[in-house]
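Turn these sequences into a full structure, and let the hints steer you where they fit.
Spelled out, the chains give:
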Amino acid sequence: MNGPLIRAENLSVGFPIGKGLFDKFVLKAVDDVTLHIEKGSFFGLVGESGSGKTTLGRALLKAVPITGGSAHYADGEVAYDLETIGKADLKDYRKRAQLIFQDPYAALSPRMTVRDIIAEPLEVMGLTRNRQETDERVRETAAKCRLNLEHLRRFPHAFSGGQRQRISIARALVSGPKLVVADESVAALDVSIQADVLNLLKELQRDLGITFMFISHDLSVVAHTCDHVAVMYLGRLVETAPTRQLFAAPRHPYTKALFSAIPSLDPDDRGKAQKLEGEIPSPMKQPLGCKFHTRCPHVIDRCKVEEPRLQSSATEHNVACHRWEELLQNA
Amino acid sequence: MAGRNKDYTNGAPQIPQFCDKNGCSLRPFIHPVERERSLATNFRWVTKINEDKRSYVTFLPKGDAYKLFGVIKSDRHLFGLEEGKIHVFGTDEDGQDIFSRTLHAIWTSLQVGTIGVLIAFVLALIIGGVSGYYGGWIDSVIQMITDAFRTVPAIPLFMAVAAFMPPEISAEARFFYISIILGFIGWPTLARRIRTHLLTERNQEYVLAAQLCGASSSHVIRRHLLPSFTSYIIVDLVISFPYMVLSETALSFIGLGLKDPVSSLGVMLQKATSADVMLNYQWYFIPVAFFIVLVMAFVFVGDGLRDAADPYSEVNK
Amino acid sequence: MSALLDVKNLTLQFRTDEGLITAVEDVSFSLNKGEVMGLVGESGSGKSVTAKALMHLNARNAVYGPDSRITLHTERGEVDVLSLRTPRDLKVVRGGAISMIFQEPMASFAPAITIGKQMVEQLQLHGDMSKARAKEISVEMLDRVGISDASQRFDQYAFELSGGMRQRAMIAMALSTKPALLIADEPTTALDVTIQAQVIDLMKDLVDEFHMGIIFITHDLGVVAQTCDRVNVMYLGRLIEEGPVREVIRNPKHPYTQGLIAALPKLDNLDQPLTAVPGDIPSPLERPSGCVFNTRCSQIVGAACTTIGPNAVDLGADHTVACHIYKEVAE
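Residue numbers (our numbering), protein chains in the order written: chain A, 1 to 331; chain B, 1 to 317; chain C, 1 to 331.
The set of hints was computed from the structure by calculation and includes no laboratory data.
Nothing here was measured: the structure is a model prediction, and the numbers come from that model.
Hints may be right or wrong, so weigh each one.
One side of the interface only, derived from the structure: several residues of chain A facing chain B at Cβ under 7 Å [stated by the list, open to error]:
id: 1; residue: PHE101
id: 2; residue: ALA107
id: 3; residue: ARG111
id: 4; residue: PRO121
id: 5; residue: MET125
Heads up, simulated DMTMM-like pairs for lysine to aspartate or glutamate below, C-alpha to C-alpha not over 25 Å straight-line [what the hints assert, rightly or not]:
id: 6; chain 1: A; residue 1: LYS62; chain 2: B; residue 2: GLU205
id: 7; chain 1: C; residue 1: LYS91; chain 2: C; residue 2: GLU35
id: 8; chain 1: C; residue 1: LYS266; chain 2: A; residue 2: GLU123
id: 9; chain 1: C; residue 1: LYS204; chain 2: A; residue 2: ASP268
id: 10; chain 1: A; residue 1: LYS87; chain 2: A; residue 2: ASP103
id: 11; chain 1: C; residue 1: LYS253; chain 2: A; residue 2: GLU184
id: 12; chain 1: C; residue 1: LYS33; chain 2: A; residue 2: ASP116
id: 13; chain 1: A; residue 1: LYS144; chain 2: A; residue 2: ASP116
id: 14; chain 1: C; residue 1: LYS8; chain 2: C; residue 2: GLU186
By construction, the Cβ of each residue, glycine as well, lies at the ideal position given by its N, Cα and C atoms.
This is the structure in structure tokens:
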């Protein structure tokens, strides 16, 4: 099968909020997202708070229920429709799709040794037959993450943030997954360690052929590691494109604003064009029409009432904006 | 009553001494007490300390038969006199040796406390555990029940139960029931603590990580949640212990708990409530010092355990 | 420019169960009025501890070196911060002449008291004024920092404001006492990047208007480049490089600074691989002898690096570095 590993169509994740029987309000954390992730790629998902990027990642792992649309997984061996997946298939899917958490301190059980932490997925999913096999596999995976035998015997609190993140990565990899979702996995790390962990992830992608979905708020990190990037705002996908294209010529006003907001290392590069005014609206009170219209410098009346659809183009650079072509020509 | 010294009621403590007006000796002794009735005393029993005679204290003398640990028959006691009885803490109005009763009381209280704590703990673990792990409406319902239990005042409840307990039941059976009731009163606090702890722990990311591997609830509980609060539980158990002991003391003191001949601090203190005792026979209160030490010991050990257990939580940057 | 703050030979150790841990070693720097200084370092560098020392805020088990001196030049004369003992004396530096804002705005506002009440309390503590006047000044400040409907917000609680607004409110509260020195400890790290850009702009405007000195503590070199005039780089408690921001960022001299800049993902060159600084930061219990960076340095020049702590070398253009590679420019 040559299709993408993950194909999501009009995917929505809603959380019912509100007490009582009559004021049930559904908070749409992810709203009508359509994207696909190619096998072996490093896919970046970018957004600020309330964008829904974490929820989308978790929905693809079935850690939160999918309330609308579809998500299809096909890795050449099996194919699942994630929105209706049954219990038995879900068990198998869990072996193939794993998660690396953001917080290296909260993601590891403090009372288990590193060896046990990495071995746990194997034991729970019954992937190995005996302790010897488990140990071997743990050692193999740990070595790929540059953890040695000495490390395996200790407890998480003895390690630094970067090392703990490597333990998290090892745990995610030990079951031999095809898809790994890295949820802000380098956000809590110092810059010098961050580069180290990112290089490790790229290495693993190359050597093991794993597809990564890299969720981050940090555009610069995404620019350097990902092949393809999707930008989210308040639950909607506003732009998606191959990395080079996105960074060379962003089309959506929000994407452009995100770029100019990144503080440049050049001290003389100050006072740049688009600084966004206003706050990110609360996901509980989402604006009508285009979700971004309250802060968009190019807003027109149409934006306030009509939601733009994600328009695909041949170059795979898709934008959800009423005026993108116009703005591109004027630029 | 078995083992009482009819000749020495309300007797003052007899502390062994080494020297008296006749010189010193290596062996500790006391001056025996004699009771006599005669014309001279208007035919009333008068006790007199005979300072000329010496009764030496011996170790492991023969005495009344009893069962060591409740099973082994023996008639050797730890210490005593060659002849007669020695009362290191004095005696009460029935002639019962307060020292022996104190030892028995401590033993009884420990038993009652342990059984009570264990029952409370098992109940708290199950109820608090289910409540905390599942959350949602199960939690709400269970919390309502727990709160109802907590609001029931203990004393009136005991009075009600005591009213239902037939007076003919043996001291042992009574003892058993009191322990169980204490356990039933004690579980709400512990259950709430367990539940709170579980509610926070189950949202930890490492729990989610395990669940994402498809771990079953029992696996998550066993490998992640239980170890995280074993230390708290041990500390809680040790600290609840003194509360059980004190509850039992209070209940027995007002007559709703254990009764004679079973001895516990509460039972012993019951006899100490008259003004006569407080003014003249102050040695009745010696057991109180022991109990204070016992309770403090548990509190300190519990605190120490808590300090030792706590540092082993996540070390943050 | 007149001098505002002089820090000389600041050495700070903490008495712990494991022994005396050195957090800051022999740090000296000065700050002028109206100058923005960036204090950069990763975790364990001692930057927060240094900042707290300026307000004598460190814990009781802190032991200051005998030569350590922090001198604040106020309108009323010089204040030797480390010798202040009584709460009345300390009030001068805490919230009076020096104000501090933190990374987590939720943490510096009491959750159960309205923002306005806290601001008024702050003002009344540091000056003789009526409640009405304090409220007037507070609302003015809230407006000045860009919070719309300032008088309404005055009566709101911290949780009712969004992250960016809370941070602005905290800046308003810190500035209401017109401090001579503002210490900002990672104020934008927890904010979304578009909000961060707004707050950075705000701080720059305020510096121009109030002419106060700012010490900007952060690990983000981009923010430093955009806001600071000078930058001081710390590693394991030592000041290893300092100078004007253009100098240090364009010509970093210390291997660590060079490593930090190289590890940053830069948007202008997406092909460049990310290079990490090798190794991990040593535990404070195992301070390396000689130069504290020698365990990770790729440019060791000789035995001196492992035995002698390098002194600050003046490279001209106000740029100093503590590294054995460099000799005095004058020599």
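The hints, checked one at a time:
Hint status for A/PHE101: holds, given a least beta-carbon distance of 5 Å to chain B, under 7 Å. Interface hint status for A/ALA107: upheld, as the beta-carbon distance to the closest one in chain B is roughly 4 Å, under 7 Å. Contact between A/ARG111 and chain B, as hinted, is supported at the beta carbon level, the nearest pair being about 4 Å apart and thus within 7 Å. At its closest, the beta carbon of A/PRO121 sits 4 Å from a beta carbon of chain B; the interface hint therefore holds under the 7 Å criterion.
Proximity of A/MET125 to chain B holds as hinted, the smallest CB-CB distance being about 6 Å (cut-off 7 Å). This hinted pair checks out: A/LYS62 and B/GLU205 have alpha carbons roughly 15 Å apart, not beyond 25 Å. For the hint linking C/LYS91 to C/GLU35, the alpha-carbon distance of about 23 Å falls within 25 Å, and the restraint holds. For the hint pairing C/LYS266 with A/GLU123, the CA-to-CA distance comes to about 42 Å; that exceeds 25 Å, so the pair is violated.
Proximity of C/LYS204 to A/ASP268 is assessed by CA-CA distance (about 14 Å); at most 25 Å being required, the pair is judged to hold. Between A/LYS87 and A/ASP103 the alpha-carbon distance is near 29 Å, which puts this suggested pair outside the 25 Å criterion. The suggested pairing of C/LYS253 with A/GLU184 is violated, with an alpha-carbon distance near 32 Å, which exceeds 25 Å. In summary, the hint linking C/LYS33 to A/ASP116 is not supported, as the alpha carbons are separated by about 56 Å, beyond the 25 Å threshold.
Straight-line distance between C-alpha atoms of A/LYS144 and A/ASP116 comes to about 17 Å, which keeps the hinted pair within the 25 Å bound. Restraint check: the Cα-Cα separation between C/LYS8 and C/GLU186 comes to about 24 Å, which is no more than 25 Å; the hinted pair holds.
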